[in-house]
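The listed protein sequences correspond, in order, to chains L and D. Under my numbering, the letters of the first sequence match residues -9 to 292, in that order. Under my numbering, the letters of the second sequence match residues 2 to 361, in that order.
Simulated from the structure, these hints should not be mistaken for laboratory data. Mixed in with the good hints, there may be bad ones.
Claimed, not checked - As a list, the in silico SDA-like pairs of lysine to any residue whose alpha-carbon atoms are at most 20 Å apart: (1) L:Lys181 to D:Phe60; (2) D:Lys174 to D:Phe60; (3) L:Lys181 to D:Ser91; (4) L:Lys181 to D:Pro96; (5) L:Lys181 to L:Leu273; (6) D:Lys174 to D:Asp136; (7) L:Lys181 to L:Lys246.
Said to hold, decoys possible - Ranges of calculated distance between the beta carbons of each label pair, as one might list FRET restraints: (8) L:Leu281 to D:Pro79: 30 to 40 Å; (9) L:Ser197 to D:Tyr21: 23 to 33 Å; (10) L:Leu269 to D:Arg120: 47 to 57 Å; (11) L:Leu269 to D:Arg109: 53 to 63 Å; (12) L:Thr40 to D:Pro79: 33 to 43 Å.
Stated by the list, open to error - Examples of chain L residues toward chain D, derived with CB under 8 Å: (13) Ala192; (14) Gly195; (15) Ala196; (16) Arg200; (17) Leu203.
Every value quoted in this text rests on a predicted model; they were computed, and no experiment measured them. Beta carbons: idealized from backbone N, C-alpha and C, even for Gly.
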Amino acid sequence: MAATGALAAATTGPGSREALTRDERAERRRLLCLAVPALLLVGVVALLPTGWLFWLSLVEGDRLSLAHYARLVQEEAYVRILWTTFEIAFVVTLLAALLGYPLAYALAQLPERWAGLGLVLVLVPFWTSLLVRTYAWLVLLQRRGLVNQWLLGTGLIEQPLRLVHNWTGTVVGMLHILLPFLVLPTYAALKAIDADLLRAAASLGASPARAFLTVFLPLSLPGLLAGCLLVLVLALGFYVTPAILGGGRVLMVAMKIQENAGLYLDWGAASALAVVLLLVTLLLFWLLARLVPLERLLAGAR
Amino acid sequence: MPVPARRPVPIRFEGVEKAYGPARALAAVSLEVRAGEFLTLLGPSGSGKTTLLMVLAGFTRPTAGRVLVGEEDVTRTPPHRRDFGVVFQSYALFPHLSVGENVAYPLRMRRLPRAETARRVEEALALVRLEGLADRRPDQLSGGQRQRVALARAIVFEPRVLLMDEPLSALDKKLREAMQIEIRRLHERLGITTIYVTHDQREALTLSDRVAVIDRGRIVQLDAPRALYERPRTRFVADFIGESTILPAERRDGGLLVAGRPLASDHPVPPSGPVHLVLRPERLRLLAPGEQAANRLDGHLEDLVFQGDSLLAEVRLEGGTLVAVRLPPRGPDPARPAARGEPVGLGFDAADAVLVGEEG
């Protein structure tokens, strides 16, 4: 078809080549039109406010200044908040990977029907309100909550443990809420690995454990890293769960932003924090993209 | 790898059965593969040929029966201890490893010294004519090259047995034919017992010492390619191998009638049940007026098609059956009718009147 089209164009005399080029451009323009609503939305809702944010963070009174950023490094409270945020985000990501990978692996091995059921079990909490789940953990983990009662009952402990309104409670709650974000991309990546590759490894003399380590694990790493990145980025900006389960003792960046903006109406300070959070997130993306090509990361495996 | 380092081993299937619920993929298959033989499992899709190969490779557990390699019962040996080279239909090259690393993989699993590994990888790649490509990634190779890497990887560790599951089905015709010749050459050089699975009968005939034709989970005929083509034992085999026209034959007074005429055949008549006459297109000829033949069929020329290496004539018999006749593409042939629709006589020798029963 393409060949006959080109032939017809060449024989209709001068000008036809330009006409074809014009057609092609018009087609591309029409295609671009399809993306316009989304581009507008991203521009108005995301890019403009972000730019505004940058601007606010660089203004003190009515002149340009780096005072908001200086404060982040100089004031111990801010340093501590940033440290807590990264610590919690990394711990949650690590635990999610340790719990989520085996789960995704098991689901990927199950026959279609059981895997579907397993995925629903992973997704049901995902569809439940964040607030509801967070308060549920508050109830479970409190001094006279189910977990403590049970541990006391089995005689494993004599005093109820302090499980909530602290670091532990925050991590437990966030881990539970963020786990699906790791399991789903990892599961997709594991499913995409051709079973023949593992058979080939076995036929070439690899025991199941070695086949896993030398073939399956390396091939599943992009998916796992994609999941980790997702969890990490979400954890860095988490607000509701640490606010409730941390009981005010665990301060994360998002909470400080809220405080600065909502309580002290100090938009400059809030913006500076948000900008730092954004830059750190982009930096993480960049580092990971150097390890694994970005499109591979976002598409899971392959 | 100029000289095969290991003695070839025979393989024996004893009553191997595989059932998936009520469905039987394999029905008590018994088969002996000679040491060093190139044996092909040939059958339509779903016939059970791949299942049989997977049982041998250890990826599928049989429901009943035993598999012996040499004197060793491997029925319950896990695949990684079987020491078989397997070439998969999808090639199954490890995408995260280079060509060299792929080929080195089985040697790494066997913890061979580094220098020995490097030497053997180089030899194996040379054997499949891929020198200098060791640093490429599989996705940078063409289909034919991937196929060769898979082959090199499957033989580099000098396995006891080489298994191939439709290894050429993803290649185009020309490349497939070139690879067939290479696989033959490789087998002659290595002398390794090889089991090959395909649904392509021509490929089976080209490659094999013997061919096992499989239909609905059982082996219906096991023979050398020539015997299989010239003396098919059942209607299924006659139909599946090569081109053929199959005509019903009628038992009459100890002899046979085909299209109302007595049939002269050198082949044994199946003892019971319906009998069919198998005619190969290249064994038929158009009779000149007045020419005599051991057997004769009459009809009208329906079509004459030039196919390069031959002329295909389609003749409609008086009973309505269409018979394909393959003629030399040119040369003086007074018997060739000038126009479609003209009456023609088909002749064939008693030696070419192959008879088959319904079942073997």
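Hint by hint, here is what the structure shows:
{"no.": "1", "hint": "L:Lys181 to D:Phe60", "result": "19 Å, holds"}
{"no.": "2", "hint": "D:Lys174 to D:Phe60", "result": "30 Å, violated"}
{"no.": "3", "hint": "L:Lys181 to D:Ser91", "result": "17 Å, holds"}
{"no.": "4", "hint": "L:Lys181 to D:Pro96", "result": "16 Å, holds"}
{"no.": "5", "hint": "L:Lys181 to L:Leu273", "result": "29 Å, violated"}
{"no.": "6", "hint": "D:Lys174 to D:Asp136", "result": "28 Å, violated"}
{"no.": "7", "hint": "L:Lys181 to L:Lys246", "result": "40 Å, violated"}
{"no.": "8", "hint": "L:Leu281 to D:Pro79: 30 to 40 Å", "result": "34 Å, holds"}
{"no.": "9", "hint": "L:Ser197 to D:Tyr21: 23 to 33 Å", "result": "27 Å, holds"}
{"no.": "10", "hint": "L:Leu269 to D:Arg120: 47 to 57 Å", "result": "52 Å, holds"}
{"no.": "11", "hint": "L:Leu269 to D:Arg109: 53 to 63 Å", "result": "43 Å, violated"}
{"no.": "12", "hint": "L:Thr40 to D:Pro79: 33 to 43 Å", "result": "56 Å, violated"}
{"no.": "13", "hint": "Ala192", "result": "4 Å, holds"}
{"no.": "14", "hint": "Gly195", "result": "4 Å, holds"}
{"no.": "15", "hint": "Ala196", "result": "5 Å, holds"}
{"no.": "16", "hint": "Arg200", "result": "7 Å, holds"}
{"no.": "17", "hint": "Leu203", "result": "11 Å, violated"}
Of the hints listed earlier, those the structure fails to meet are numbers 2, 5, 6, 7, 11, 12 and 17, in rising order.
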